[in-house]
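Single-letter residue listing:
4 protein chains.
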Amino acid sequence: MTDPIRRRLLQSSLVALVTASASRGAESENTAMHATTASAFSHELQPKPLPFDPKSLRGLSEKLVTSHWQNNYVGAAKALNAVRKKLHALLESDDPPYMYNDFKREHLVRTGSVVLHELYFGNLGGDGQAAAEIRTELAHAFGSFDAWQSEFVRIGQGLGGGSGWVILGRNEHLGLLENYWLADHATNPPFTRPILVMDMYEHAYHMDYGAAAAKYIDAFFDNINWDTIGKRLEAA
Amino acid sequence: MTDPIRRRLLQSSLVALVTASASRGAESENTAMHATTASAFSHELQPKPLPFDPKSLRGLSEKLVTSHWQNNYVGAAKALNAVRKKLHALLESDDPPYMYNDFKREHLVRTGSVVLHELYFGNLGGDGQAAAEIRTELAHAFGSFDAWQSEFVRIGQGLGGGSGWVILGRNEHLGLLENYWLADHATNPPFTRPILVMDMYEHAYHMDYGAAAAKYIDAFFDNINWDTIGKRLEAA
Amino acid sequence: MTDPIRRRLLQSSLVALVTASASRGAESENTAMHATTASAFSHELQPKPLPFDPKSLRGLSEKLVTSHWQNNYVGAAKALNAVRKKLHALLESDDPPYMYNDFKREHLVRTGSVVLHELYFGNLGGDGQAAAEIRTELAHAFGSFDAWQSEFVRIGQGLGGGSGWVILGRNEHLGLLENYWLADHATNPPFTRPILVMDMYEHAYHMDYGAAAAKYIDAFFDNINWDTIGKRLEAA
Amino acid sequence: MTDPIRRRLLQSSLVALVTASASRGAESENTAMHATTASAFSHELQPKPLPFDPKSLRGLSEKLVTSHWQNNYVGAAKALNAVRKKLHALLESDDPPYMYNDFKREHLVRTGSVVLHELYFGNLGGDGQAAAEIRTELAHAFGSFDAWQSEFVRIGQGLGGGSGWVILGRNEHLGLLENYWLADHATNPPFTRPILVMDMYEHAYHMDYGAAAAKYIDAFFDNINWDTIGKRLEAA
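Respectively, the protein sequence lines represent chains V, A, G and W.
Counting from 10, one number per residue, gives the positions in the first sequence under the numbering used here.
Counting from 10, one number per residue, gives the positions in the second sequence under the numbering used here.
Counting from 10, one number per residue, gives the positions in the third sequence under the numbering used here.
Counting from 10, one number per residue, gives the positions in the fourth sequence under the numbering used here.
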């Protein structure tokens, strides 16, 4: 068997295995609510429910969490659907390409908001206790678990008073586990699997903490669902 | 065997298989030159050579391609290494977090530039002929191959005269194959595997085409390495 | 007398007149607290007090307004002073220019925040009633006062859930009175005198209105100090 | 006569004087080609011709300068006119406000491009020799003329390989003469009169200098029209 053909067959088997695996758990948080066969121009996103009871978080009020989910996440999902319809309608338009791009930018911003919000809510609802093996993996990448946490928190503090996100992500191209500063929904590292996602838009904390972003960051850490983080690290 | 344990074992096997596969080809364009065990704070990137003879492209001069690779890509790689050292040195600094973030932003911009440039050069050097199975896959996602190409080109045309990128990418979170407009190196969709990457910074074409971005886009399509695209689609 | 010399003399007289005028009122909201002779590298900004009693606004709580002023505005002023000192220290540094620019970007962001916040607080504290002559001037530029207000409000509504500003400004280069959408503190039209400034960062309303940005915009309009707007229009 | 009325009358006289002055010179570079009475929604911009012979610059080729003027500046002016028409048509649209803002963003980007390009071409075509009084004024603001130039050049060098502008501007709100880093056409300091404007988009130099941004900056300085700078400083 030639090398390219061997590889291609191996790949096919891998795809089958990954699909099988995904259907059993590791990836299911991402794909459960999204059709995978829809067209780039006709896909309609169904917002996902919160994966935890909004009353159950420590230090983040039901009012805040519900508003965040309803107004910012569901709002972004609806906007994304509306923008996709608009783009579809404009495919044959005579408007200049830069006007089409004005909506492709909105498409990117809303895509960023939807994906990051789903990952954010998806990594809350836990007890804030990282298992030993996760601590070890982060220590391996950052020198120590504390070094990782210290940089992640620092980036968040620096974003206080504005907009943005902090993510721990695995850059699949560079093969690196890193923390990233994001200015807004559309600012992201390319080819990167988000592992832990923290929203630093003021709608994530102002109702409960006002301008005290540092207190919100503490509350965020108290509610991290490290089981989810473990699955994301495995899947990477 | 319980379900979680079965899954975890399956995952481990998968990792082994993927690693084996990668060493044989599909992923090797990404990982060959990058160490995967380096720390987030001490990683030193080694620029990759051009994966094709810079004299060999149709309609893109050796002078342009060499300058692009040397000044923009290698320059970004060196800057990324310098910024990482700076961040390492600042970890214990008393400067306020927003000043640390000024360098995390530079870290993000340079990471984006390095990754996107490697993928860009990686998808050039071919004969511009897409295999039937790839055309089918894009037709499946966009309605038709022409619909895909038409939107991809339009986004590129709209970026003429400024900076930015166009990518066809698989959004791994949403399970969608889509075209994305990127304003600059740090603008990206989250959790997305780039499949085809086109640089629209003026350094990608001005030497050869001046302001005639549309001619550059034609030349880009004439040189796409669709084998690479096929491998990236398989890996996704 | 030659024309250039006449003009130059006329200019000098104008400067004297403007200076005299400024000391009597029209411009005094801007210059009262700022030294005008300081160096680009050593200027130290003194935050201005709120120009109204924070208890006195209709529909915007003392808690919100005080937090906004203290945390966001005074915070930006302190950061601007710190960044200027940092830039001064780095003038002789061997760091590459792009690292210097990381702080010049921070300098721009903080400058934008300071100036826009001062203008924002400066145009609050009034009774929300625009004098006839102002309504006429806006009608002249926008077709009708309502057309102006309708666009200004719409831009604000579109910014809900994120960050940004809306300004009515006089573009001194184009000779146009226009409404502008600003994505953040550093997004601005060039060569433009702000006339009415509305903060759409979530810190401007979340404490009082949660995600209900439209209600905040109503409250903002109820408190516009149209006397200030009149003076800014005259000065333009 | 009461103080407010005195001031208002003084202002009116000032306006008359300034208008008279403008018609004779100082401001005429800005206003000559722009109608000042047009509505925010119906204004149509007439591109200005180059204020110098494109063959006459030292170290910047006719081909480069003509392409820059035609493709980037005139292109932006046409786009601005098209966007204004689009906004006018959308005033009564039922689309959500964030879609209206997608075009307000384009409006801002194109406004920035038009204004900055006019100021850029307006400050070229000279002999590069700054008069003593200008050197003195810059020395007053920056410590020395060399300190000013050194920072201005450094910001430009840091922008090499991407997009952006460097401006020396008078921040009319803060009363400061400063250098500013701009990432793109829409990044600007608020309430600032540009004095010297340098384009760092790659279309400003790639045809002549490739990636050698530093050589372009030298050529830019060789062609500065310091008479124009003097007039802008006077007008400020």
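Hints are not guaranteed to be accurate.
The list makes no distinction among identical chains, and a pair is therefore deemed to hold if it is satisfied within one copy or across any two copies.
[To be verified] Taking lysine to any residue and the SDA-like style, the derived pairs with C-alpha atoms no more than 20 Å apart in a straight line are:
1. K94 <-> H149
2. K94 <-> A148
3. K64 <-> H52
4. K72 <-> A91
5. K72 <-> H212
6. K95 <-> E71
7. K224 <-> G239
8. K94 <-> Q55
9. K87 <-> T145
10. K64 <-> A148
11. K94 <-> P58
12. K87 <-> G152
13. K94 <-> A228
14. K57 <-> K95
15. K57 <-> G184
16. K94 <-> A220
17. K94 <-> S159
18. K95 <-> D227
Since the hints were derived computationally from the structure, they do not count as laboratory data.
Verification of the hints:
Within a single copy, K94 and H149 get their C-alpha atoms only as close as 45 Å, which misses the 20 Å cut-off; across copies the closest is 18 Å, which meets it. When the C-alpha separation of K94 and A148 is checked against a cutoff of 20 Å, the pair qualifies only between copies, where the shortest distance is 19 Å, while the shortest distance within a copy is 45 Å. In this assembly of identical chains, the alpha carbons of K64 and H52 never lie at most 20 Å apart, being 32 Å within a copy and 42 Å across copies at closest. Neither within a single protomer nor between protomers do K72 and A91 lie at most 20 Å apart by alpha-carbon distance, with minima of 27 Å and 37 Å respectively.
Proximity of K72 and H212 under a CA criterion of 20 Å is satisfied in both settings, with 11 Å inside one chain copy and 17 Å between copies. When the C-alpha separation of K95 and E71 is checked against a cutoff of 20 Å, the pair qualifies neither within a copy, at 34 Å, nor between copies, at 41 Å. In this assembly of identical chains, the alpha carbons of K224 and G239 never lie at most 20 Å apart, being 25 Å within a copy and 42 Å across copies at closest. Taking the shortest alpha-carbon separations for K94 and Q55, only the intra-copy value of 15 Å comes in at or below 20 Å, while the best inter-copy value is 35 Å.
With identical chains, the CA atoms of K87 and T145 are never at most 20 Å apart, being 40 Å at best within one copy and 30 Å at best between copies. Neither within a single protomer nor between protomers do K64 and A148 lie at most 20 Å apart by alpha-carbon distance, with minima of 33 Å and 45 Å respectively. Taking identical chains as interchangeable, the C-alpha atoms of K94 and P58 are never at most 20 Å apart, the minima being 23 Å within one chain and 41 Å between chains. With identical chains, the CA atoms of K87 and G152 are never at most 20 Å apart, being 42 Å at best within one copy and 23 Å at best between copies.
In the homo-oligomer, the alpha carbons of K94 and A228 never lie at most 20 Å apart, since the shortest distance is 38 Å inside one protomer and 31 Å across protomers. Proximity of K57 and K95 under a CA criterion of 20 Å is satisfied in neither setting, with 23 Å inside one chain copy and 36 Å between copies. Taking the shortest alpha-carbon separations for K57 and G184, only the inter-copy value of 15 Å comes in at or below 20 Å, while the best intra-copy value is 30 Å. Taking the shortest Cα distances, K94 and A220 never come within 20 Å of each other, neither inside one copy (37 Å) nor across copies (25 Å).
For a Cα distance limit of 20 Å, the shortest separation of K94 from S159 across copies, 17 Å, qualifies, whereas the shortest one inside one copy, 43 Å, does not. Proximity of K95 and D227 under a CA criterion of 20 Å is satisfied in neither setting, with 41 Å inside one chain copy and 27 Å between copies.
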